[in-house]
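Engineer: Letter by letter, the sequence shown follows residues 6 to 349 in this note's numbering.
Hints are computed from structural coordinates only; laboratory data are not their basis. Do not rely on the hints blindly, as some may be mistaken.
Straight line, CA to CA, 20 angstroms or less: simulated SDA-like cross-link-like pairs of lysine to any residue [unchecked claim]: (1) K178 <-> S13; (2) K225 <-> L287; (3) K185 <-> D244; (4) K145 <-> A133; (5) K11 <-> D113; (6) K64 <-> R182; (7) K152 <-> V85; (8) K185 <-> G116; (9) K145 <-> K163; (10) K49 <-> E29; (11) K137 <-> T115; (12) K163 <-> N179; (13) K52 <-> E192; (14) K280 <-> S204; (15) K225 <-> L188; (16) K54 <-> G116; (17) K236 <-> L176; (18) K236 <-> S204; (19) K52 <-> K137.
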Amino acid sequence: MLLIMKHSLRYFLTATYGVHDFPEFVGAATVDEVQLGYCDSNIKTVKPKPDWMRKLIEKNPEHMEWYSQRCLGYQYYFRVNIDFLKQRLNLTEGPHILQRMNGCEWDDETGEVTGFNQYGFNGEDFLALDLKTLTWTAPKSQAVLTKLLWNDDKATLKHLKNYYIYICPDLLKNYIRHGKSFLQQTENPSISLLQKTPSSVVSCHATGFFPGRAEMFWTKDGEEIHEDVEKGEILLNNDGTFQMSVELNVSSVPPDGWRRYDCVFQFSGVGDDIKITLDKSLIRTNWGKTHRCDGTTSLGQQTEIFEQHGFPSKTYFFWCKISSGHSFIKSIYISRFYVCNMLS
Numbered sequence: 006m007l008l009i010m011k012h013s014l015r016y017f018l019t020a021t022y023g024v025h026d027f028p029e030f031v032g033a034a035t036v037d038e039v040q041l042g043y044c045d046s047n048i049k050t051v052k053p054k055p056d057w058m059r060k061l062i063e064k065n066p067e068h069m070e071w072y073s074q075r076c077l078g079y080q081y082y083f084r085v086n087i088d089f090l091k092q093r094l095n096l097t098e099g100p101h102i103l104q105r106m107n108g109c110e111w112d113d114e115t116g117e118v119t120g121f122n123q124y125g126f127n128g129e130d131f132l133a134l135d136l137k138t139l140t141w142t143a144p145k146s147q148a149v150l151t152k153l154l155w156n157d158d159k160a161t162l163k164h165l166k167n168y169y170i171y172i173c174p175d176l177l178k179n180y181i182r183h184g185k186s187f188l189q190q191t192e193n194p195s196i197s198l199l200q201k202t203p204s205s206v207v208s209c210h211a212t213g214f215f216p217g218r219a220e221m222f223w224t225k226d227g228e229e230i231h232e233d234v235e236k237g238e239i240l241l242n243n244d245g246t247f248q249m250s251v252e253l254n255v256s257s258v259p260p261d262g263w264r265r266y267d268c269v270f271q272f273s274g275v276g277d278d279i280k281i282t283l284d285k286s287l288i289r290t291n292w293g294k295t296h297r298c299d300g301t302t303s304l305g306q307q308t309e310i311f312e313q314h315g316f317p318s319k320t321y322f323f324w325c326k327i328s329s330g331h332s333f334i335k336s337i338y339i340s341r342f343y344v345c346n347m348l349s
């Protein structure tokens, strides 16, 4: 099965201050949601992930050197910027987190290229580059001074435009070319219906699918519904496959109406739908068992039955949900805790 979609190259950089048992700097790169490599301030070197990336590095050692230099350089750059923000915003001692997501997308059908560069500070959007106007925008008043300074630096803005319009897409195309056989393979998910208690929502959980471009939703009588539905984020499993969940509040559904509902999984743009009908006999549960659930993350309820169906004990991705419900950029690190927990 061949997937037709926009390809993406994304870099995720995270710097921390005052966070115990966590590196001061973490960096990672992904192509089409597949992790290419990783570095942090503890290991001080880049570790390529998939086999095809390791082979590419072996043939082009200068590529590894380029990434290693960038990893070391960004550690200093981010540390300086956190110190600047602490002083500029008169912040007290405590956990502070500066994140950046940047990269590009390329449509292999139309040839359209888009670039992006976003910064977040302490879990909130901070600065974003608008390539159309070639200016930085600041959703927060605390970032206005930085925005003005960066917008005055015309040489850097010109360099960034060249990078995101030409250099980044060339890198992306090169990675797609070398990893084509891996990136274009598909793995169908295992889908389960999960429920914590008889009065809880029913979670339709798909795990083990690849690639990570997929949709999942509930239908009633064949029509997609949004009321009483809560959709989760797509998350990475330890084995490189993905998982996601979509919840349905069944409190108002009469017993004889359950089978009118279906959970539908589909890869973006291709393939046949995979469906599972809402049926009490299919629900997996651990009723009667008590577990602590921390609601600060979108990883779902970490119960025994959920872990048995693919929820990772570790994850490469963490998301920070700010009070408005907006999902800021994701950062990558193997960790049992998440940015939101760090800031609480």
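Engineer: Against each hint, give a clear statement of whether it holds in the structure.
Structural biologist: Each hint tested on the structure:
For the hint pairing K178 with S13, the CA-to-CA distance comes to about 9 angstroms; that is within 20 angstroms, so the pair holds. With a C-alpha separation of about 18 angstroms, the suggested pairing of K225 with L287 holds against the 20 angstroms cut-off. Distance hint between K185 and D244 is fulfilled; the C-alpha atoms sit about 19 angstroms from each other, no more than 20 angstroms. At most 20 angstroms may separate the alpha-carbon atoms for a hinted pair to count; K145 and A133 meet this at roughly 11 angstroms.
The hinted pair formed by K11 and D113 meets the criterion: a straight-line CA distance of about 7 angstroms does not exceed 20 angstroms. At roughly 14 angstroms between alpha-carbon atoms, K64 and R182 fall within 20 angstroms of each other, so this suggested pair holds. Between K152 and V85 the CA atoms are separated by roughly 17 angstroms; this keeps the pair inside 20 angstroms, and the hint holds. Between K185 and G116 the alpha-carbon distance is near 17 angstroms, which keeps this suggested pair within the 20 angstroms criterion.
Taking the CA atoms of K145 and K163, the gap is near 24 angstroms; set against the 20 angstroms cutoff, the hint is violated. Distance check on the hinted pair: K49 and E29 sit about 11 angstroms apart at the alpha-carbon level, within 20 angstroms; holds. With a CA separation close to 19 angstroms, the supplied pair K137 and T115 stays within the 20 angstroms bound. Simply put, K163 and N179 have alpha-carbon atoms about 24 angstroms apart, too far for the 20 angstroms limit, and the pair is violated.
Between K52 and E192 the CA atoms are separated by roughly 25 angstroms; this puts the pair beyond 20 angstroms, and the hint is violated. Between the alpha carbons of K280 and S204 the distance comes to roughly 23 angstroms, so the proposed pair goes past 20 angstroms and is violated. Note on K225 and L188: the hinted pairing is violated, with a Cα-Cα distance of about 34 angstroms set against a maximum of 20 angstroms. Straight-line distance between C-alpha atoms of K54 and G116 comes to about 28 angstroms, which puts the hinted pair past the 20 angstroms bound.
Among the hinted pairs, K236 with L176 is inconsistent with the structure: their alpha-carbon atoms are about 33 angstroms apart, more than 20 angstroms. For the hint pairing K236 with S204, the CA-to-CA distance comes to about 19 angstroms; that is within 20 angstroms, so the pair holds. Pair hint K52 plus K137 does not hold up; C-alpha atoms about 34 angstroms apart against a cutoff of 20 angstroms.
Checked against the numbered hints above, the structure breaks hints 9, 12, 13, 14, 15, 16, 17 and 19 and satisfies the rest.
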